[in-house]
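Q: So the chains spell out like this:
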Amino acid sequence: MKTSVRRGHRWSVRCLMALAAALTQAQAGGGVLNLQKAVPYKPGIEVSPAVRVECELPKKLAAYTQAAAEDDYGTVNMLESPVTNAPGRTLIMQIVGVDALAGGNFSGRKGVNIEGKLWEGGKIIGSFQATRYSSGGGGGFSRFKGTCKILARDVKTLGKDVAEWLASPSMNARLGEAR
Amino acid sequence: MACRPIISCTAGRGAGRWLMPACLVLVLAGCQQSPPREASTLVMQQRVAFPGMAPDHAAADEGCDVTRRLADDIQYYARPHFSRIAVADTVSAKTPGKALYVEVLDFSGGGRKIAVEGMLWDNGVEVGSFIAQDTAWRSTSGCMALTSVSRVLGKRIAHWLAAPTRNARLGPLR
Chain A
10 MKTSVRRGHR
20 WSVRCLMALA
30 AALTQAQAGG
40 GVLNLQKAVP
50 YKPGIEVSPA
60 VRVECELPKK
70 LAAYTQAAAE
80 DDYGTVNMLE
90 SPVTNAPGRT
100 LIMQIVGVDA
110 LAGGNFSGRK
120 GVNIEGKLWE
130 GGKIIGSFQA
140 TRYSSGGGGG
150 FSRFKGTCKI
160 LARDVKTLGK
170 DVAEWLASPS
180 MNARLGEAR
Chain B
-6 MACRPIISCT
4 AGRGAGRWLM
14 PACLVLVLAG
24 CQQSPPREAS
34 TLVMQQRVAF
44 PGMAPDHAAA
54 DEGCDVTRRL
64 ADDIQYYARP
74 HFSRIAVADT
84 VSAKTPGKAL
94 YVEVLDFSGG
104 GRKIAVEGML
114 WDNGVEVGSF
124 IAQDTAWRST
134 SGCMALTSVS
144 RVLGKRIAHW
154 LAAPTRNARL
164 GPLR
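Protein chains in written order, with this note's numbering: chain A, 10 to 188; chain B, -6 to 167.
Possibly wrong hints are sitting among the right ones.
Said to hold, decoys possible - DEER-style ranges, computed between Cβ atoms:
1. Ile124/B / Ala47/A: 39 to 45 Å
2. Glu55/B / Leu88/A: 23 to 29 Å
3. Ala156/B / Met180/A: 41 to 47 Å
4. Ile134/A / Asp82/B: 22 to 28 Å
Unchecked claim - Reference listing, derived: stretches of chain A covered by chain B, where coverage requires no fewer than 3 residues with Cβ under 8 Å from a Cβ of chain B:
5. 53 to 59
6. 102 to 111
What the hints assert, rightly or not - Capping the alpha-carbon separation at 27 Å, the derived lysine-lysine pairs in DSS-like fashion look like this:
7. Lys169/A / Lys126/A
8. Lys126/A / Lys87/B
9. Lys132/A / Lys68/A
10. Lys51/A / Lys148/B
11. Lys154/A / Lys126/A
12. Lys46/A / Lys158/A
13. Lys165/A / Lys154/A
14. Lys126/A / Lys51/A
15. Lys51/A / Lys87/B
16. Lys68/A / Lys169/A
17. Lys148/B / Lys169/A
18. Lys165/A / Lys46/A
It should be emphasised that the hints constitute simulated quantities derived from the structure, not laboratory data. Quick reminder that beta carbons are idealized off the backbone N, C-alpha and C, glycines included.
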């Protein structure tokens, strides 16, 4: 009798786990996410030429977002210019601000501000703005870190923030330090 | 009523009969009444007004989207105080219900310093007015400075909206 109750309990736990997995899969839009290969800077924003040329923030942001989003989406396509009505979900992001005074961690914190819209079937199903600042990490005795390295930390964290939001997207969300 | 379970329940092998009701009580104890919201709708502009916009301001507005950003920030931080926030192209004393009008008074340093004024009407009767200002002291990029100033102003205005007064001065203007 006790064994059959235990077996029944085990089966109900398995059923619940399967249901949860199915729900997560459904939330993730069938498991397909389309991302830009490089997240562009918004036209007209002030970004120093050195940061534009040397830091490769557009590519790094795309790559970090891809890496972090792969946990929730079965397929993450990196496309040159994704279309908003492509199968699955399409995230279109842009970098709308970069705060980066030259001089690495001697010249203070560096920040990146991004915005994004998530499309599914030609309709916007979510939008966000996100900001992250970093001073390089490691405390006052850490070795010198260049401006690009600090900005890379920002976009890495932003990639994680975006991936977390992608698991259950909402409209007009604020991520990271944009809250 | 927003429920936040304060404990996760797993029935023990023998004591399941007693554990489940006890857990239910604990879970229900985690349900708390949401903070009271004013059951009203606020109507505000989709973009705040910027009557004195000069050509260099227009460039900043195009790149950093100051007028939309300010309206978005006020909306975002005012959400807890209203059951609904509706946006309209224009807002005036003639707008029915609670209506907020915000206008940029001063915009300098590419958005490093912004001053705004606003008025709140309730069915055409002025129930509040304010002037708010903020300055970003450290930022290399105009858009990042503007973003942080806009957020600070949005928070201050939203806080004022919870208990509006006339001729309020928000921020360092006080």
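Q: Please list, smallest to largest, the hint numbers that this structure does not respect.
A: The structure conflicts with hints 3, 8, 11, 15, although it agrees with all the remaining ones.
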